Amino acid sequence: MELDSLREAFDRVVEKRALSSTKVQEAIDQIVTEIEQAISRMQMMNTDYMGSCDHSSIMAELKAKLNEMVPLNQLEGCQKELNAALSKYLKLLEKSFNPDISKAYRNVDFEACTINNIIANHFYRQGLFDLGDSFVHECGESDGTYLKLPFQEMYGILEAMQARNLEPALSWASKNHDQLMQNSSMLELKLHQLQFVEILTKESRDEAFKYARTHFAPFVSLYQAEIQRLMACLLWADRLDKSPYAEFMSSTHWDKLAEELIHQFCSILGQSSDSPLNVAISAGFQGLPTLLKLTTVMAAKKQEWQAMKQLPVPIDIGPEFQYHSVFVCPVLREQSSDENPPMLMPCGHAVSKQSIMKLSKSSSRPFKCPYCPSEAVASQCKQLRF
Amino acid sequence: MEMAIDTPSPSPSSASPAPSAAAGRQTRAAESVRLEHQLVRVPLEALRATARTNHRLAEKEIAAVLSSASAAPGDNGAAAAVDHLTSLVSRLHGLKRKMEEGARAEELQVQRCRARLDRLAAASAGDDGEWEDMRLKRILVDYMLRMSYYDTAAKLAETSGIQDLVDIDVFLDAKRVIDSLQNKEIAPALAWCAENKSRLKKSKSKLEFLLRLQEFVELVRAKNSLQAIAYGRKYLAPWASTHMKELQRVFATLVFRSTTNCVPYKVLFELNQWDSLVDQFKQEFYKLYGMTLEPLLNIYLQAGLTALKTPFCFEGNCPKEDPLSLDGFRKLAEPLPFSKQHHSKLVCHITKELMDTENPPLVLPNGYVYSTKALDEMAKKNEGKITCPRTGEVYNYTELVKAYIS
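From first to last, the protein sequence lines stand for chains L and G.
Each residue of the first sequence is one higher than the one before, starting from 1 at the first, in the UniProt record's numbering.
Each residue of the second sequence is one higher than the one before, starting from 1 at the first, in the UniProt record's numbering.
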């Protein structure tokens, strides 16, 4: 994208606009001056002579002068220049951008109420509760609110953490102890660790020791090494910042833990930690350019875009959007399925079951791997599960 | 079916994906910026419209003053002439004030156009997360404005500081027309048509014709047949050359009246005609400002869901990170085509990461496949033992074999 040339073209528009605007002002001023002159001459005349015979000649003079100025032509010229600059810039925009991004749009029932519920959920899960409420009120859909309460709890915990208050986080973690363990998350221990370091630096060694005894105990069997390091901190109680364990005091622990908390909270709630709307729209931005090219090609070949069941070509989107394993048989160039699963040959290469049937002529005859010199028998091949 | 779009030549020996992944990300980012036509176009159209209105006003007023100055009364005495000229001067002062106001409005729009260009510059230089976040917010505001959720749209724009990047004013202008049509008033819509006459004519818009038809129908409904005929002569007749059929049908309502049960004429009296006028107006309004006819959100959502849609999304074990694991998105994706892959893309069940030459897939004796990274870690923690997370079978790390996926 040539942003610089866009800026240049736009600067010309701005320049011409300013010029045209001053020209209008000048023209008005000129006319005003001429008329005011005429007025003052008439008034002078009134006092000098007693007659009124000459005011019509002054009027005629004024008329002639105004005609001479042709203010309208001047304005017209400026406006033309402005229009020229504008249309040049517009043309550049058409060239630099994709002027019609709705070309690949399928005219299908895209229900507003479904979209509205998705948006309401998006606001709530981002912690934008006021916006969510306002949106739900305006669109009149109430199904989008089921995430509001759980996410209010989560953002409450995070807010408390921001204020260095771990109580809500700890109580949530202990309530969900079993599930956190199942996810093999160290969140609960890490929270206790933060609390322990807080007590050690702000209160006393004894208090910290007491805290450690009650709260670290359940984790000893799993995280022995971690806990040993933490207990060693007790030796450096009043000068932890100068100890080998100074990094325990770093504030990055708080940020990281907040992230981990979001992750675990969403996971236990059965939600992904990224907003699904965010994910879908980002994928859309990455995928749309290819879809637009595809519609152009298909239109040229007179192929049907609106009814096709599967895209004819892959869409290049980032690996972060790959949620499912797709195996494409390199021989048949087809995606595998339950009927035609991927198979591993003894040499380590993988092809689909149908390919193996073809290669081995449906029998137990040995056949050559399409990718290396080694031979295989169908019965030696193993079905793969990703 | 093969097509010459983005299909790298298939080579069984998988090439190293690392450098091309970064390059791919960059080209994708650059391509997606090219989609932002509406962002730069709409404020420019607004500027163009304001400049045109200002120019027209100046032209009209100056012309009026000039002709009035030259046609000044000649024989009513000097005093009358002075009065006349003074009134012209004050008229010009009024015009000047209006022009100053207009110039300020134009400057505001210039600033808005510039803010959009600056925004695009931020896309290539800087924080991807922030750019994407703001982009989604812009799209949401666009959606809400089109759906007439003005309050939330304004709130979202304000709280995220993106007022210069969204077109609330433009939509509020349109809102006046929409509101009046919903109140069954035609005048503001007709005024809008007059303001944009030349451009509507260029795009062969028949909005004005439809508005006139509705007004005619309303006269018939009120049993003002004579007035209706006069109205039709004046405002409908000019459209006869291009829209004869519709014209005839509407004139026939004079015979049938509003209580008719004859279907072709009955529909003309139905109240949802007004809703379709609103729709028609919106379409013309979007076109005039260079906007897409569908909300941006819908367009991107469709593209995204098409790209994400695979048959696996609809299975029970679809991971929750995939939007298509949710009912709402599944419903929206239903009429869309499936995406397609030409090459295998394998995702490790444990780490959710892509398996490639850097992190190749390993096969357990039971046929289940996981990434080297995940299994190495598991082996390290469990003294060389591997437990298949899906079947619970336990193996030695030495039993694993590497799979070559092309």
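Think of the hints as simulated: they come from the structure by calculation, not from any bench.
Here the structure is a predicted model, which is why all the values come from computation and not from measurement.
Treat the hints with caution; some may be incorrect.
Label pairs and their calculated CB-CB ranges [to be verified]: (1) G:Thr27 / L:Met308: 48 to 56 Å; (2) L:Glu375 / G:Lys402: 15 to 23 Å; (3) L:Glu15 / G:Thr357: 52 to 60 Å.
Think of the CB as a built atom: it goes at the ideal place given N, C-alpha and C, for glycine as much as any other residue.
How the hints compare with the structure:
no.	hint	in the structure
1	G:Thr27 / L:Met308: 48 to 56 Å	25 Å, violated
2	L:Glu375 / G:Lys402: 15 to 23 Å	19 Å, holds
3	L:Glu15 / G:Thr357: 52 to 60 Å	55 Å, holds
When the structure is compared with the earlier hints, a violation turns up for hint 1 alone.
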